[in-house]
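Chemist: What follows is each chain in one-letter form.
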Amino acid sequence: MSTQMQQNKTQTNDPLIIAGVEYQSRLLVGTGKYADLNQAKQAIDASGAEIITMAVRRTNIGQNPDEPNLLDILPPEQYTYLPNTAGCYSADEAVRTCRLARELLDGHSLVKLEVLGDEKTLFPDVSETFKAAEILLKEGFQIMVYTNDDPIAAKRLEEMGCVAVMPLAAPIGSGLGIRNPFNIATIVENARVPILVDAGVGTASDAAIAMELGCDGLLMQTAIAGAKNPVLMASAMRKAVEAGREAYHAGRIPKKRYATASSPVDGLFF
Amino acid sequence: MINGENRQIPDVCNVSQLIEQLNLTGKRLAMEINQEIVPRSTFETHIICPGDQIEIVGAIGGG
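As they're listed, the protein sequences go chains A and B. Its first residue numbered 1, the first sequence is counted upward by one per residue in the numbering used here. Its first residue numbered 1, the second sequence is counted upward by one per residue in the numbering used here.
Simulated from the structure, these hints should not be mistaken for lab results. Any given hint could turn out to be false.
To be verified - Using 27 Å as the maximum straight-line C-alpha spacing, the simulated BS3-like pairs for lysine-lysine come out as follows:
{"#": "1", "chain 1": "A", "residue 1": "LYS33", "chain 2": "A", "residue 2": "LYS228"}
{"#": "2", "chain 1": "B", "residue 1": "LYS27", "chain 2": "A", "residue 2": "LYS33"}
{"#": "3", "chain 1": "B", "residue 1": "LYS27", "chain 2": "A", "residue 2": "LYS41"}
{"#": "4", "chain 1": "A", "residue 1": "LYS33", "chain 2": "A", "residue 2": "LYS239"}
{"#": "5", "chain 1": "A", "residue 1": "LYS239", "chain 2": "A", "residue 2": "LYS255"}
{"#": "6", "chain 1": "A", "residue 1": "LYS155", "chain 2": "A", "residue 2": "LYS138"}
As the list claims (entries may be wrong) - Footprint (simulated), chain A over chain B, 3 or more residues, beta carbon under 8 Å:
{"#": "7", "stretch": "12-22"}
{"#": "8", "stretch": "34-43"}
{"#": "9", "stretch": "52-58"}
Glycine is no exception: its CB is placed at the ideal position from the N, C-alpha and C atoms.
One chain only, chain B, in its complex shape (with noise of 0.2 Å):
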């Protein structure tokens, strides 16, 4: 589950490789695994198991 919607992601173990299939390299953000942060520094060790809650999020304009 990735920001709310159901996806299935061949071939990704860990959290590195879910933001490059995502398109998302490079990119400003951060996340959280079950609630849980996941830090930047951890990316390439933490690995995604079946039925993680997944919520990535970045900067938008707010007042």
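If we strip away everything but chain A, and leave its shape as in the complex, we get (with noise of 0.2 Å):
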């Protein structure tokens, strides 16, 4: 095999697997906080992602029958969902949740698990996401969770039988990105199930980032849908997202703290 075909190998044959089904795209994206459902679905369709995010919430009763729905505009057939908890502070209010998710989306048991603690940090509450996740994996759900960077936690979800792990880069909708490499990298090198970073990231360089450290991909939203200009940021995260994955395949260069000259000291005429 050349080494054209190998780099070829590499760049379209790495899949993200999660719960046994294979995609394509390692960038995950929310479907909220968009000028309408219309932008969500350009921007959506500039990042490339396959799982989009949603939340469940009461229907509005008597008013605007006519309101575009989101499941229209982004049906079920052609993205694979990932209904949220968002919003929820108990276990409790999180199973509800992902009751309702699978009865709206006709039986599909994928969920992100979210407890959150409180509403300044939204920073997850780690003792009611175990005991949420507990009781839906009794139930047969498949559980891609969202928590703490905290390889303790994050190894104790794997364990419990979550399908992907989603330890924050920072507060969700902050835009501070990675604040604590050492931690995400310690989980990723601990994990047997995939690893995406959720929440914090600002901008592609961010998203790089998380992928250079071996991340296996990224759920984002504010980054995108609170940009200036949604579907370029959206674009921009995808290559941000497949370059980091790249990068981290090719295995970058020690830091050093001197120079190491680029061209050959030998030959010089001087």
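The task is to assemble the complex, starting from two chains supplied on their own in separate frames and drawing on the hints.
Modeler: As structure tokens, then:
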């Protein structure tokens, strides 16, 4: 096999496998915070994402009966939906939300579990997350779980049977980027399930850093939808994730304190 | 009680009829009554009782 062919192989045959299903894109995106659903669709298509998140909320009764529906604009036949438990502050709320989501999506059992601790930080309440995960796993849900950048909690969630573990880079919507790259690297090193950075990414370089650390993917929402041009940022994120993944496989040079000449020293004529 | 609001719905006995009354027929939704899921397959047969806590939810954009 030629080097060129090997390179192509690395670039094209590198699927993300979650719960036995192969995905070509390693970027998962949200569907909220956009100007409207059409902008959401444009951005999602520019991101190349195959897995998209959604929230479960009360239906407006008697208001705007013809309001466009998320599932009509972005049909579940074309995307893999990942219903989230955003807004849940207890295991009980999260479990109810997942059951409703499964019913809403005709038995689709892949969910994003997040149980939040407080409104100021939106940091996960890890003990409630464990409780919810235990119940949901018994009920046959496939859980991609949002958690802290804590290697111990991440490993425990994996051992419980979650299909992917998703540590935060920084608080949800903060755009601060990866605050603790060493913990993320440790989580990745220990893991046997996909590790995806979820929350806190601000711009393309943050996504590339996550992928260079060896993460299997990223899930993001605000960094794209909150950008001045969400569609362009979605495209940037797609490239950053791909670039970061390739750099990870390529193997970076070690960091050194002093220079190493790029041109030969031999043959200098002065 | 539907989605947190007190409602008097006359002439409704099962879930299918309730959905029709609320103009939600054919919409993608999921329902829980008294914190228990009501599967779509049982909408015709599930009888609504006075005082039931009903939640009707749908999918919306979120991250």
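Chemist: Could you run down the list of hints and mark each one as holding or not?
Modeler: These are the hints, each one checked on the structure:
| no. | hint | in the structure |
| --- | --- | --- |
| 1 | A:LYS33 with A:LYS228 | 12 Å, holds |
| 2 | B:LYS27 with A:LYS33 | 23 Å, holds |
| 3 | B:LYS27 with A:LYS41 | 20 Å, holds |
| 4 | A:LYS33 with A:LYS239 | 22 Å, holds |
| 5 | A:LYS239 with A:LYS255 | 24 Å, holds |
| 6 | A:LYS155 with A:LYS138 | 19 Å, holds |
| 7 | 12-22 | violated (count 1) |
| 8 | 34-43 | holds (count 4) |
| 9 | 52-58 | holds (count 4) |
Comparing the model with each numbered hint stated earlier shows that hint 7 is the single one that does not hold.
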